[in-house]
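Colleague: What follows is each chain in one-letter form.
2 protein chains.
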Amino acid sequence: MSEKYEELKTFFYPKSIAIYGNSNIPFKFANMHLFNLLSGGYKGKIYLIHPRESKILGFDTYKSAVDVPEPIDLALIVAPTRVVPQLLEECGKKGIHHAICVTAGFSEIGNLEGREKLQEVATKHGIYILGPNCIGVIVPGSDLNCTPVPLPPPPGKVGIISHSGSWACHILFTIEENLRLGISKIVSVGNEANTDMVDFLEAFAEDPEISAIGLYLEGLRRPKEFIKVAKRTSQQKPIIAAPIGHGEAGMRAALSHTGTISTPTAVLNPALKQAGILVTDSPTEMLNFLQAVTMQPLPKGPRVGVVTVGGGPGTTIADLCEKHNLEVPLLSESLQDKLNSILPFTASVKNPIDITFDMTWDNFYVKVPKLLTRSGEVDSLIYYGIFSMEKWFNYFVESDNPILDPIKKQFNEDMIEATRVIMFDLFKTLLRIGRRAKIPILFTNLFLTRSDSLIEFVQSRGLPVFLPEVAPRIMSLMWQYAQYRQKLDS
Amino acid sequence: MSEKYEELKTFFYPKSIAIYGNSNIPFKFANMHLFNLLSGGYKGKIYLIHPRESKILGFDTYKSAVDVPEPIDLALIVAPTRVVPQLLEECGKKGIHHAICVTAGFSEIGNLEGREKLQEVATKHGIYILGPNCIGVIVPGSDLNCTPVPLPPPPGKVGIISHSGSWACHILFTIEENLRLGISKIVSVGNEANTDMVDFLEAFAEDPEISAIGLYLEGLRRPKEFIKVAKRTSQQKPIIAAPIGHGEAGMRAALSHTGTISTPTAVLNPALKQAGILVTDSPTEMLNFLQAVTMQPLPKGPRVGVVTVGGGPGTTIADLCEKHNLEVPLLSESLQDKLNSILPFTASVKNPIDITFDMTWDNFYVKVPKLLTRSGEVDSLIYYGIFSMEKWFNYFVESDNPILDPIKKQFNEDMIEATRVIMFDLFKTLLRIGRRAKIPILFTNLFLTRSDSLIEFVQSRGLPVFLPEVAPRIMSLMWQYAQYRQKLDS
Numbered sequence: 480m481s482e483k484y485e486e487l488k489t490f491f492y493p494k495s496i497a498i499y500g501n502s503n504i505p506f507k508f509a510n511m512h513l514f515n516l517l518s519g520g521y522k523g524k525i526y527l528i529h530p531r532e533s534k535i536l537g538f539d540t541y542k543s544a545v546d547v548p549e550p551i552d553l554a555l556i557v558a559p560t561r562v563v564p565q566l567l568e569e570c571g572k573k574g575i576h577h578a579i580c581v582t583a584g585f586s587e588i589g590n591l592e593g594r595e596k597l598q599e600v601a602t603k604h605g606i607y608i609l610g611p612n613c614i615g616v617i618v619p620g621s622d623l624n625c626t627p628v629p630l631p632p633p634p635g636k637v638g639i640i641s642h643s644g645s646w647a648c649h650i651l652f653t654i655e656e657n658l659r660l661g662i663s664k665i666v667s668v669g670n671e672a673n674t675d676m677v678d679f680l681e682a683f684a685e686d687p688e689i690s691a692i693g694l695y696l697e698g699l700r701r702p703k704e705f706i707k708v709a710k711r712t713s714q715q716k717p718i719i720a721a722p723i724g725h726g727e728a729g730m731r732a733a734l735s736h737t738g739t740i741s742t743p744t745a746v747l748n749p750a751l752k753q754a755g756i757l758v759t760d761s762p763t764e765m766l767n768f769l770q771a772v773t774m775q776p777l778p779k780g781p782r783v784g785v786v787t788v789g790g791g792p793g794t795t796i797a798d799l800c801e802k803h804n805l806e807v808p809l810l811s812e813s814l815q816d817k818l819n820s821i822l823p824f825t826a827s828v829k830n831p832i833d834i835t836f837d838m839t840w841d842n843f844y845v846k847v848p849k850l851l852t853r854s855g856e857v858d859s860l861i862y863y864g865i866f867s868m869e870k871w872f873n874y875f876v877e878s879d880n881p882i883l884d885p886i887k888k889q890f891n892e893d894m895i896e897a898t899r900v901i902m903f904d905l906f907k908t909l910l911r912i913g914r915r916a917k918i919p920i921l922f923t924n925l926f927l928t929r930s931d932s933l934i935e936f937v938q939s940r941g942l943p944v945f946l947p948e949v950a951p952r953i954m955s956l957m958w959q960y961a962q963y964r965q966k967l968d969s
Numbered sequence: 480m481s482e483k484y485e486e487l488k489t490f491f492y493p494k495s496i497a498i499y500g501n502s503n504i505p506f507k508f509a510n511m512h513l514f515n516l517l518s519g520g521y522k523g524k525i526y527l528i529h530p531r532e533s534k535i536l537g538f539d540t541y542k543s544a545v546d547v548p549e550p551i552d553l554a555l556i557v558a559p560t561r562v563v564p565q566l567l568e569e570c571g572k573k574g575i576h577h578a579i580c581v582t583a584g585f586s587e588i589g590n591l592e593g594r595e596k597l598q599e600v601a602t603k604h605g606i607y608i609l610g611p612n613c614i615g616v617i618v619p620g621s622d623l624n625c626t627p628v629p630l631p632p633p634p635g636k637v638g639i640i641s642h643s644g645s646w647a648c649h650i651l652f653t654i655e656e657n658l659r660l661g662i663s664k665i666v667s668v669g670n671e672a673n674t675d676m677v678d679f680l681e682a683f684a685e686d687p688e689i690s691a692i693g694l695y696l697e698g699l700r701r702p703k704e705f706i707k708v709a710k711r712t713s714q715q716k717p718i719i720a721a722p723i724g725h726g727e728a729g730m731r732a733a734l735s736h737t738g739t740i741s742t743p744t745a746v747l748n749p750a751l752k753q754a755g756i757l758v759t760d761s762p763t764e765m766l767n768f769l770q771a772v773t774m775q776p777l778p779k780g781p782r783v784g785v786v787t788v789g790g791g792p793g794t795t796i797a798d799l800c801e802k803h804n805l806e807v808p809l810l811s812e813s814l815q816d817k818l819n820s821i822l823p824f825t826a827s828v829k830n831p832i833d834i835t836f837d838m839t840w841d842n843f844y845v846k847v848p849k850l851l852t853r854s855g856e857v858d859s860l861i862y863y864g865i866f867s868m869e870k871w872f873n874y875f876v877e878s879d880n881p882i883l884d885p886i887k888k889q890f891n892e893d894m895i896e897a898t899r900v901i902m903f904d905l906f907k908t909l910l911r912i913g914r915r916a917k918i919p920i921l922f923t924n925l926f927l928t929r930s931d932s933l934i935e936f937v938q939s940r941g942l943p944v945f946l947p948e949v950a951p952r953i954m955s956l957m958w959q960y961a962q963y964r965q966k967l968d969s
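Just so you know, the protein sequences line up as chains A and B, in that order.
Each residue of the first sequence is one higher than the last, beginning at 480 in the numbering used here.
Each residue of the second sequence is one higher than the last, beginning at 480 in the numbering used here.
Bear in mind the hints are in silico, worked out from the structure with no lab data behind them.
A portion of the hints provided could be inaccurate.
Repeated chains share a single entry, so a pair holds when one copy, or any two copies, can fit it.
[Stated by the list, open to error] Computed cross-link-like contacts, DSS-like style, restricted to lysine-lysine with a CA-CA straight-line distance of at most 27 Å:
hint	residue 1	residue 2
1	Lys802	Lys829
2	Lys817	Lys573
3	Lys887	Lys534
4	Lys870	Lys752
5	Lys887	Lys507
6	Lys703	Lys573
Bound-form chain A, shown alone:
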């Protein structure tokens, strides 16, 4: 284990937390953190520190951390800007070596004096500060949601480091709603008083719980060290960065946001690429990539087999694959013959493979992928298909047209359940086929929310589902990273 990981891991696995800044007015920032720690199931001890109140929201409080009779691992500071240095002083006295400073109002508004004071006290007592002007950390595996946003994501292998507090915690909404993104750790580094993105990248590189890393990247305080660490890390774990604030207005915004001067895109992006970092300008694309790369193996080549239940979507996906430097190869005559022998006469088998209106689902989920993955003619699969019948069924069942009554009887709960079981089984088989062949599969669909039980099921078992226009780009990023790794190996 690296030194950095050991130095910083208390931020992620604290056994006890002291919080500064709670109040009896429920919707205060520090209370949001408190609520989320409690409802998220945090197993450690929580101490509320307040100079005047003796009870807050039912908790007994302490006037000072020094009064707490037991040791404290981590301080969470959400108190007013001017008192932060003296609170840190107190933490030092108590022997707390890790402090999350949520409080803003330092370098981002030009208060450099305040920032220096912070650093001074921290150095004196050997305190690692996360922030200031950050939102905290999330570690689903240890039920730690120390941010103002509820909805902790499922545990998984992704580490995210963010200069932006909003991007660090607002993404919980989109994960809850649309993505099955398994998270190991999210950390919001804010204005980086004495720990920064480089430190956490170094720690994540050595963290055995993390297999892919995402960065929301504003200004780089130590560009050289960053590139050095990134280069080393990307040889083992994919890193994808969404640089923010590197255009003209964006740089202005970043300056007033975290007080750093960002590097212009034209300089930054080539440097990132050289360090093996994938670059995207879309927050969602970053999350989509991380989902795919932690769920599926990397492709060994650029050749995509596109399998669909409709002509238009297959054509669109094929176009987009080519746009993103992938290939959609014409299949060999013999493979086409094999496909033709099982599919209806209306099907297309050249690639894209469009099974058209074929109710033999076994073809779509089992026979076709078996033929493709064993052929050696493709390196990955992108699927498109309407695959959950629940919405269709429910629509009929809820219709109040009496003419449909006799038909409705056929769509009872049992049938819906039976279809669900069959579909779940088919997907399990498809997943096994891909896994055995070590060929990545991305699924696409036009409805994505996890409220659909089938989508929840397949995503929870490692098959990502994206919009049709998203999958080709994500596969292209996976192939880009695979090439980087291949070059290193050769």
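Following the hints, position chain B against chain A.
Modeller: Positioned in the frame of chain A, the structure of chain B alone reads:
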């Protein structure tokens, strides 16, 4: 009203429909059309025609359309390929002049003889054929969903013409789930035996119910006529096209899909642009644009005011605005002073305007947009904000940690309802402010589904909500079209 509109409108407003191809096996294609007509609330008469069965799914059937004692407006043919010409012959005898031919197996598989026969019979009897190899039409305003997919969209001002049947009907899922896209008409033209995309574009141009047009575009059979009609149409109504099948594999796919040879992208796209057509390669982006342009006015210039509740998202949106040729202008000192006087000291007011953690929602929804729209310094607004409290509330209410019990009491139904009412009112005001100033507003958020009552509310009242990375691109398309119109006017 144009001749074309008169010629073709029976496809959209038939008073009676004869269906060929139903069966007592529920999940047959023609039955899906039947079910959707019935459950969608179609008010006209439906006659099932079958050579042998005398009852299908409870309906009395007719051996031939000629036996139906009343006049029939439209035939829907989902019967086997080889019998289609003789069924058309029968339609001719009955005096039916409009036939939707869902049946496939003509030019897309090289059956040119079949196609010619189809055209011959149609010419002989003066029948307009939609298809073959199409999925039908949707007209929410007249409760006509004549496609295999349920979930008809809300009525509205958008017309969509698609070479791809899948894109024409699968989009119903994404509309139902994610988009409040008001539809006037969707038509799937398939292999275009004797009516084509040019005809329907001409009809839509004159259709008073349609104010914006989307095209899923495969091969163009009459490119010159298409460009001519498009040029005329785009002077009044925005047209956005998602060309499909114009790369190498895509062209191969398109050929086996609708039997047409598509024009390579390098030739097609400049021609489309010259005709004032906006081009996208993403199906979702096309729908997003149509939603925005039918809900909001066009911007009069490229200057965007970005308003957020977080630094990172504002920076990202600003970066993307510049990437897509929009401006995020530095606001004047006097406007900055005005903004500073109402916002907290942590806020940024240069543009992006980040209100940071300001619980005075009145600033975000009322005061800031009033100052911005009246300033003359911006031409449009892009908002980012977590604005529905329902998820937060529910998360607390559903927590089983007993320590939270006293706090939970404060989150009762009444409070949730009160907050909802307040938020709804704030949004109504924001909408009014934008509308009075004739300045387009796009909202962005990381959770989008209409299951959220607030998102459903604002979208149903004309405020589109997109992902943060989507809105800048959509605003850019709106500005692109606005410039095209400005050039024509000058």
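Colleague: Next step is simple, just say for each hint if it's right about the structure.
Modeller: Hints versus structure:
In this assembly of identical chains, Lys802 and Lys829 lie within 27 Å of each other by CA distance solely inside one copy; the values are 19 Å within and 37 Å between copies. In this homomeric assembly, Lys817 and Lys573 never come within 27 Å of each other (Cα to Cα): the closest approach is 73 Å inside a single copy and 45 Å across copies. Taking the closest pair of Cα atoms, Lys887 and Lys534 come within 27 Å of each other only across two copies (17 Å); inside a single copy the shortest separation is 59 Å, beyond that limit. Neither within a single protomer nor between protomers do Lys870 and Lys752 lie at most 27 Å apart by alpha-carbon distance, with minima of 43 Å and 38 Å respectively.
In this assembly of identical chains, Lys887 and Lys507 lie within 27 Å of each other by CA distance solely across copies; the values are 15 Å between and 52 Å within a copy. Proximity of Lys703 and Lys573 under a CA criterion of 27 Å is satisfied in neither setting, with 36 Å inside one chain copy and 81 Å between copies.
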